Amino acid sequence: MDKTFRIKRFAPEKDNASRWEDFSVELGPHERLLDGLVRIKEFTDGSLTFRRSCAHGMCGSCAMKINGRSRLACQTLADDMPELVIFEPLPAFPVIKDLVVDMEPFFEKIRSVMPYLVNDEPLPGRERPQSPEEMEKILDSIRCILCACCTSSCPVYWGDKQYLGPAALVKAARFVLDSRDRGGKARLDLVSGAHGAARCHSIYNCVEACPRDIDVTRHIAILKRQTLKRGLRGAR
Amino acid sequence: MKKAAFGWLLSRASAVVLVAGLAVHFSANHFGRPNASEHGIVMMRLAHPGWMAFYAVFLLAIIYHAAYGLWGIALEYLKKGRVLSAVKSALVILSALLVIAGLWILSDTQMLLANPPAPCYKCHSAGSTAGTIPSGRALRIFQ
Amino acid sequence: MRYRLTTGFFAFILNRLSGVILAVFLIPHFFSLYFIGDAARYEAIRGFYDTPVMRFSELALLGIVLAHGLNGIRLILLEAGAPTRLQKVFFWTALSAGALILLISIPHMMWGAR
Amino acid sequence: MVHRFDTLVIGSGLAGLSAAIEASLQGTVAVIAKLYPTRCHSSAAQGGIAAALGNEEPDSIEWHVYDTVKGGDYLTDQDAAGTLCEDAIKTVIRLEHLGVPFSRTPQGKIAQRRFGGHTRDFGAAPARRACYSADRTGLAIVNTLYEQCAKQPVAFFPEYHVLDLVIEDGRCLGAVALELRTGEICAFEAGATIIATGGYGRVFKTTSNAMASTGDLLGILYSKGMPLEDMEFFQFHPTGLLGLGILVTEGARGEGGVLVNGNGETFMEKYAPRIKDLAPRDMVSRAIITEIKEGRGIGGNDYVYLDLRNVPRKTLETRLPEIMTFSRIYMGVDPSEKPIPVAPTAHYAMGGIPTDRDGRVLITESGAAVEGLFAAGECACVSVHGANRLGCNSLLDTVVFGRRAGMKAAAQKDKSGPGMPPGAMERARETVSSLLNNKGGVRAGAIKKELQELMMDKCSVFRDDAGLRAAAEKIETIRQKAGNISIDDKGEKFNTELLDAIETIHLVNLGEAIVHSALQRTESRGAHCRQDYPERDDGNWLKHTFIRKKDGEIHFSFKPVSITKFKPEKRQY
Chain E
12 MDKTFRIKRF
22 APEKDNASRW
32 EDFSVELGPH
42 ERLLDGLVRI
52 KEFTDGSLTF
62 RRSCAHGMCG
72 SCAMKINGRS
82 RLACQTLADD
92 MPELVIFEPL
102 PAFPVIKDLV
112 VDMEPFFEKI
122 RSVMPYLVND
132 EPLPGRERPQ
142 SPEEMEKILD
152 SIRCILCACC
162 TSSCPVYWGD
172 KQYLGPAALV
182 KAARFVLDSR
192 DRGGKARLDL
202 VSGAHGAARC
212 HSIYNCVEAC
222 PRDIDVTRHI
232 AILKRQTLKR
242 GLRGAR
Chain R
54 MKKAAFGWLL
64 SRASAVVLVA
74 GLAVHFSANH
84 FGRPNASEHG
94 IVMMRLAHPG
104 WMAFYAVFLL
114 AIIYHAAYGL
124 WGIALEYLKK
134 GRVLSAVKSA
144 LVILSALLVI
154 AGLWILSDTQ
164 MLLANPPAPC
174 YKCHSAGSTA
184 GTIPSGRALR
194 IFQ
Chain X
545 MRYRLTTGFF
555 AFILNRLSGV
565 ILAVFLIPHF
575 FSLYFIGDAA
585 RYEAIRGFYD
595 TPVMRFSELA
605 LLGIVLAHGL
615 NGIRLILLEA
625 GAPTRLQKVF
635 FWTALSAGAL
645 ILLISIPHMM
655 WGAR
Chain D
21 MVHRFDTLVI
31 GSGLAGLSAA
41 IEASLQGTVA
51 VIAKLYPTRC
61 HSSAAQGGIA
71 AALGNEEPDS
81 IEWHVYDTVK
91 GGDYLTDQDA
101 AGTLCEDAIK
111 TVIRLEHLGV
121 PFSRTPQGKI
131 AQRRFGGHTR
141 DFGAAPARRA
151 CYSADRTGLA
161 IVNTLYEQCA
171 KQPVAFFPEY
181 HVLDLVIEDG
191 RCLGAVALEL
201 RTGEICAFEA
211 GATIIATGGY
221 GRVFKTTSNA
231 MASTGDLLGI
241 LYSKGMPLED
251 MEFFQFHPTG
261 LLGLGILVTE
271 GARGEGGVLV
281 NGNGETFMEK
291 YAPRIKDLAP
301 RDMVSRAIIT
311 EIKEGRGIGG
321 NDYVYLDLRN
331 VPRKTLETRL
341 PEIMTFSRIY
351 MGVDPSEKPI
361 PVAPTAHYAM
371 GGIPTDRDGR
381 VLITESGAAV
391 EGLFAAGECA
401 CVSVHGANRL
411 GCNSLLDTVV
421 FGRRAGMKAA
431 AQKDKSGPGM
441 PPGAMERARE
451 TVSSLLNNKG
461 GVRAGAIKKE
471 LQELMMDKCS
481 VFRDDAGLRA
491 AAEKIETIRQ
501 KAGNISIDDK
511 GEKFNTELLD
521 AIETIHLVNL
531 GEAIVHSALQ
541 RTESRGAHCR
551 QDYPERDDGN
561 WLKHTFIRKK
571 DGEIHFSFKP
581 VSITKFKPEK
591 RQY
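Same order as they appear, the protein sequences are chains E, R, X and D. For the first sequence, my numbering gives the first residue as 12, with consecutive numbering after it. For the second sequence, my numbering gives the first residue as 54, with consecutive numbering after it. For the third sequence, my numbering gives the first residue as 545, with consecutive numbering after it. For the fourth sequence, my numbering gives the first residue as 21, with consecutive numbering after it.
Here chain E stands alone, though its shape is the one from the complex:
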């Protein structure tokens, strides 16, 4: 069926402000919005710039704002969208060109929460035991593909770029909840600062934006409670 793609363009060399440009594109059933963008770039306007790679919702490259919502272009079928589809770069991140934003600020936040397993106990000969029930606790947070849909949809992050953001907090929760991790205390301190988990006001935009259906806000609430529980116990 025929779709109109209204895309927010910005060419760093020529434009000093962004401009809208409409394209009409033919998309079949089961085709994704990303297929439309690729078709425009390959056959209509080669200068249209966007990130993409896996095309099936596993890599997170094609995160952008579509009809007013952060989502993945490759996971949104043309059938599910109205005739007019509005494409804008991901909110709250500096725009580099067309639909491409600077992801460095996002990855810095991820790196700042000790995003790795901390366990200095002597390595056992075999794998460290972990029961299915223990593994169940991290089953939600390990599915994150760092696409930044959540952080870019969070009104608190729009206002406060120092806020760690939901993605970094989910990454921290992934380790706080991992029965093999021993870095809980230090990591909780990193996420319970003035711009940490306390800044989350249970808005749930992140849960609605996440293409992987991760219950993001629940993980942030867990960090809040864990901070209290371990903090009140006083052990530094």
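I should point out that these hints are in silico values taken from the structure, not numbers from a laboratory. This structure is a prediction, so every number in the text was calculated from the model and none was measured. Treat the hints with care, as some may be off.
Mimicking SDA-like on lysine to any residue, the simulated pairs with C-alpha atoms at most 25 Å apart in a straight line are [to be verified]:
id	chain 1	residue 1	chain 2	residue 2
1	R	133	E	201
2	X	632	E	78
3	E	240	X	624
4	E	25	X	545
5	D	129	E	191
6	E	240	X	627
7	D	290	D	484
8	X	632	E	212
In silico contact screen, one side only, chain X against chain E (beta carbon under 8 Å); selected entries [as the list claims (entries may be wrong)]:
id	residue
9	547
10	548
11	550
12	553
13	619
14	622
15	628
16	631
17	655
We put the beta carbon where it would ideally sit given N, CA and C, even for glycine.
For chain E, the structure is supplied; the task is to place chains R, X and D on it using the hints.
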């Protein structure tokens, strides 16, 4: 535990206190009984030391909660720097003033109860059916 | 194009606005109590609040308190661990409970002996 | 701008990350890649990583080596397969120690499930050898290794596009890359360079490979006249979602899913009586295409059904959650209620850059290597996969050989070569400006589309002499047209159209290498199936193909297969 986390905990604790406190405060002052906010009735109520304890806690809770909320907004919309620290000190000073004012008001009521002035012209002259300044008996409880 | 307004975002805006209004209201509230020691001045101020306009603004203030307070309860429940699927239910429940209480209190607030 | 590191890794998938972590223990490491690390195609891997841990039933390394060799239709270098399977156990355990969240058995061990071609007792029955993390094992390992890189001193340069390798008299000095963000050309000098750029499935129309899988570094080496090995062997995964190429992991069949044709028969018994649907991928893909060709596709069309309805819903939700999501989002099908339409899809490249077991890039069949140049993962051909790769052996290959390459490369750091010759960056600037200013009027997208359809039509599961000859000629005309690729976007910053053009030229070269290699191998072996030569001919063809292109002429030479334990025999499942 980090200062910020403790601040956050207090904000939630004060919120719980406020929810209960507001229910009590509102019903006592607005809905409890007719002319509930009339001076005489208010004074009669405040004679009971329980209210003093309630309002002291209620006062601290509301001032802290309000200051924490405003500080949160400032933190989110202002970058680290002169303006933010100015807002911080303003909030601290304003909160202190309000606490002092609150305590002053509470102590004021106790002073009035301790030594009532000449019969209150309003309560007598208006002939209002409302109660007068509490009788000596109530006062003795207070002393 | 503005970001889509979600229930949670609306609750956040409501909570923030109502919070600021209530914080600002604290100051006049303390002023009006400042003369508690002088029955005459206190009654004069109480009379000032006794006009239909002021009664209506007190009613509005009650509404704001209810909005902030009940939504606050929603936040605390969710942070305490209530499941995410209830977040919208909590919001609409809070809003309707607040509206109900407000409606019930109109007669007394507007025309009752205060 | 010239950067200097002890070790340079090109590609930030599993092989690149494993190499980087290992090399960072001995010196400074830079990782440059076209994408951000977690966007790599490794994170799309679903099935699992094979290791003879024996957590669910007895298993042995030797069985795993046997399966790898037999799965590779005896073209596998058995010494390399031995290294792969021996390192497997400690590699998987080490991954778990680093934090990989594997699915677990009730006793708390790493859970393992059955997978295509993995058997016990040398082929007696399917074996539980695939360690998995639901059906997103790749993502679980990629996230963990990327997290470890946050702990180690690894410098990342995401969205740098390598234009050329600098190789001076048998020694690799580093690489020249284009920084996408600014359009600036910069050089990376290093004691050793490790290529870990993954596969090149984008040569074919329907592929599971990401759009970034274009085999750029293979194209660079090929255009420098260096050899590529076993290019004719390209694996078609039997179950890709119809038309989209999105994979339904073999793990689905490992959990009990069965393939069904138009007449409702579970046809795999005819082709692999013993392990049926869990036969190796080349066999299952051929079976599906045969069923379709003989008119038994669903409703006569060119696809069959993967039926998961007999798998308990709880198993589907806990062990195959991604499949449930894909089927629902992209096909509108709930696998527990309706069968999923699937068809073979281009998936894995057994061929690639010839290397030895330590990842050194070879320049001759006899084993002479380019100093300071290594390769690991799907882009390399050790060869541990021979003519057909077993499921879960690729994730293993990337981590095992990535780490070995990282170890050996980092040891080179004291032998720093001469500085980067200025000419290197100049040449790269010329190729970029010539592309930018080309007035040819041909769109890269059109060239790519034509190439992909040609390869899918003439050089996929079933091949024959006539088709391959026609393809060889067609590719020559496509190559001429590719000379006239012009670009709309004249901008310097983030010019992805320029990159598409560069990638398209690489793809044409690789298409040529695949077609010519397939044309000269007159036998059927593993994923390379010739209808005009249906039998396997060990007498003439038990050898690896080396293809080179020198001044426009294609030359072939051959490297013997290392056979240590298992004599080639008829491949029956």
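> What are the numbers of the hints the structure violates, in ascending order?
Replying inline: Going through the list in order, the structure violates hint 17 alone and respects the others.
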